[in-house]
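Protein sequences, first through last, are from chains A and B. Residue 237 in the numbering used here sits at position 237 of the first sequence; the count goes up by one each step and never skips. Residue 1344 in the numbering used here sits at position 344 of the second sequence; the count goes up by one each step and never skips.
No lab work stands behind these hints: they were computed from the structure. Predicted, not measured: the structure shown is a model, and the values here were computed from it. Among the hints, a few may not be true.
What the hints assert, rightly or not - Not the full set, but computed from the structure, chain A residues with beta-carbon under 10 angstroms of chain B: (1) A69; (2) E89; (3) V93; (4) A105; (5) E237; (6) G240; (7) Y241.
Cβ coordinates follow ideal geometry from the N, Cα and C atoms, glycine included.
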Amino acid sequence: MLKIDKLHAAVDGKAILNGLDLEVKDGEVHAIMGPNGSGKSTLAQVLAGRDTFEVTAGSVDWDGTDLLALPAEERARAGLFLAFQYPVEIPGVSNAYFLKAAVNAVRRHRGLSEYDAMDFLSRVKAEMKAVGMREEFLYRSVNEGFSGGEKKRNEVLQMALLEPKLAVLDETDSGLDIDALKVVAEGVNRLRSPERSMIVITHYQRLLDYIVPDRVHVLSKGRIVRSGGRELALELEQHGYGWIESGAGAAQAAGAAGG
Amino acid sequence: MNTIDTWVARQRERAATLPGAALPWLTGRRRNAIDSFAAAGWPTSRLEAWRHTSLAFLDQQPLAAPEDAPHPATTLAALRADFDDGGHWLVFVDGHFEPALSVRPPLPAGITVSALSEALARRPEAVEAAFGSAAGDDAAVASPYALNLALCSDGAFVHLSPGTALEQPLHLVFIGATGAADSHLRNLIVAEANAEASIVEHHLGGGNTLATVVTRVQAAQDARISHVKLQQQDEQSIHLANIEAEQARGSHFATHSLSFGARLARNDIRTRFDGEGCETLFNGLYHVDGRRHVDHHTLIDHARPLGTSREHYRGLVDGNARGVFAGRIIVAQDAQRTDAVQRCDNLLLSKMAEADARPELEIYADDVKCAHGATVGQIDDSALFYLRTRGVDETHARQLLTYAFAAEVIERIAQDALRRHARAALLSRLPGGALLEELL
Ligand SMILES: Nc1ncnc2c1ncn2[C@@H]1O[C@H](COP(=O)(O)OP(=O)(O)O)[C@@H](O)[C@H]1O
Ligand SMILES: [Mg+2]
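Let the sequences and hints guide you as you build the complete structure.
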């Protein structure tokens, strides 16, 4: 279980997360929605271990370990995965090498044998097919010259290969047409299992037609101001984020965060 | 000690035994060259072209042949193991041609591949026009290459008749062993119309020695010459190199400089477009660490219209080392529809490392496309973080990104075996290279 307690984070002395509370139990899928600039990506990056964000107060407990004490790579090996809102281009590193280095780093940590070249290739090709990526993307540099949709598929591919315990998807749906959106949603749904939890960050409720969340939270100014079931996403869609920011929607939210 | 007088005396001493000593045109040029060198001395930072790289220290610097060095045959065998191309290998040890170590399969008619000493003995008239002189150069700026002319004891001479092609790359191997404290080599490549060849220079060994090398390329109409210089000399040595091409209409010249060894390496690389529609690629990678120093000075002279040039240099600078790049492009007034791109990017791998990259464009024509850029920076933080979120530890991620940055230069080398060899040479220098081996 993931338990975020009164988390505060800042960058260059500017507070971005202001006492964020959230609990995600094993097997649950939580959606986080919120206007631009509300701190969604900051939360995702802090969970993944980006040290440009300074955690100024609060804690994150993950199955009894202090998540914030671990360097990014150890979080990943322990089963945390972040699908980036803006996946990074790495010229000169082939996607194949990248994927293999990642998968083997994680497998080593889990006490599994490393894949040899052949096993890895057949596994990765099967997963690529599932997310609708052509094989040539294996031999291109990581994300370099990929379209927005191709980058997002590549994130879902990595998620499928790394089999995380906790996946955080940061606006994996934004900028996708409906077909690509379905592919991403299928990728997520395939991975749903009683041991695996997910935090799906999205700006639009559209994705939640395909990934049905257990809980929906609304983030505003670095705090969760409202939590509810699926229907909260529809309500938001109807009223717009102004509804939250004006305080009307948030008023009913006090203390409602959490699983 | 090696004062300027010592060099002059040395030239006098050696003159009678240098190749072509009986040829008046050559002895005359050698005399002019040593005079020119004596008058100018070593270039110092007072000269703009040597601002970051003074050679004044050479006056105080005792040079010595290494007391101990691997047998050249051993060095050569290790190198040749990476190639099974059945091509030509001309081997020079301490500045002198070694026929016994060289490999010389039969050549198609119309192609000469020989040592300069052989060519000067057999057909000096063919050498004369290609040899060059110290006269046209700015004496102060080019003084090391005047010294080279005065003292050069050998090198390669390649002549390609019209329409001929060397099927396999020609390897020129220069090994510094226990026999000399200084060596001076001169390579002459003459490609007539439509001829084609690929030439690779390997510079190895050397100890605390000085090596100068001048490579002159003449590419006639539509000729295609590819040239690679892989400098892996001992890390106490000094390497001063001048690569100079003249290109006729429609010719293609590529020169790759991989500078890994030497305590101080300077490369002056230039080409001039003497006809329309020439193409050139200048591609280079340097890696320096410790207190070492590397400097590339390039000049692409778009003297005629419709020329295309691409220039890509990358540097890995570690420790207290310094990397210098200055790239000059001249586009003459009537060189319309020139297309030139120049880039130099440096990765600083330590706090004390330093890099200077300076583009210099002189454009006198109005219908041209010229792009240039130079950067000095560190490993990209977001790429590093991205890799770490995928479980790759920070050390390995840094090594991977460093290698990837450098490898882009190597990927421009067209021949497979050579590219593989260059990659392996790079990996063997970088920490964590073994881990990255699976990239190959
Ligand atoms: N690296 C950064 N430096 C400065 N400000 C930042 C940085 N990252 C995010 N911010 C600021 O923090 C706030 C929240 O950003 P973000 O977490 O990206 O929001 P969201 O993902 O919800 O759109 C914004 O005001 C943004 O400008
Ligand atoms: Mg965001």
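**OP:** Identify whether the interface hint at A:A69 stands, where standing means a beta carbon of chain B within less than 10 angstroms of its own.
**Re:** With Cβ-Cβ at 15 angstroms, over 10 angstroms, it is violated.
Original post:
Can A:V93 be said to touch chain B, with a Cβ gap under 10 angstroms?
Top reply: Check passed: Cβ of A:V93 comes within 5 angstroms of chain B, closer than 10 angstroms.
Subject >> Restraint outcome when A:G240 is required to lie within 10 angstroms of chain B by C-beta distance >> reply: Cβ of A:G240 sits 32 angstroms from chain B, so the hint is violated.
Subject >> Per-residue hint verdict: A:A105, partner chain B, C-beta under 10 angstroms >> reply: holds (4 angstroms)
Original post:
Against chain B, is A:E89 within 10 angstroms by beta-carbon distance?
Top reply: A:E89 check passes; min Cβ-Cβ to chain B is 8 angstroms, inside 10 angstroms.
Original post:
Once the shortest beta carbon distance from A:Y241 to chain B is found, is it less than 10 angstroms?
Top reply: violated (28 angstroms)
Original post:
Close enough to count: is the Cβ of A:E237 nearer than 10 angstroms to one in chain B?
Top reply: Violated. Min distance 31 angstroms.
Taken one by one, the earlier hints fail for this structure at numbers 1, 5, 6 and 7, listed in ascending order.
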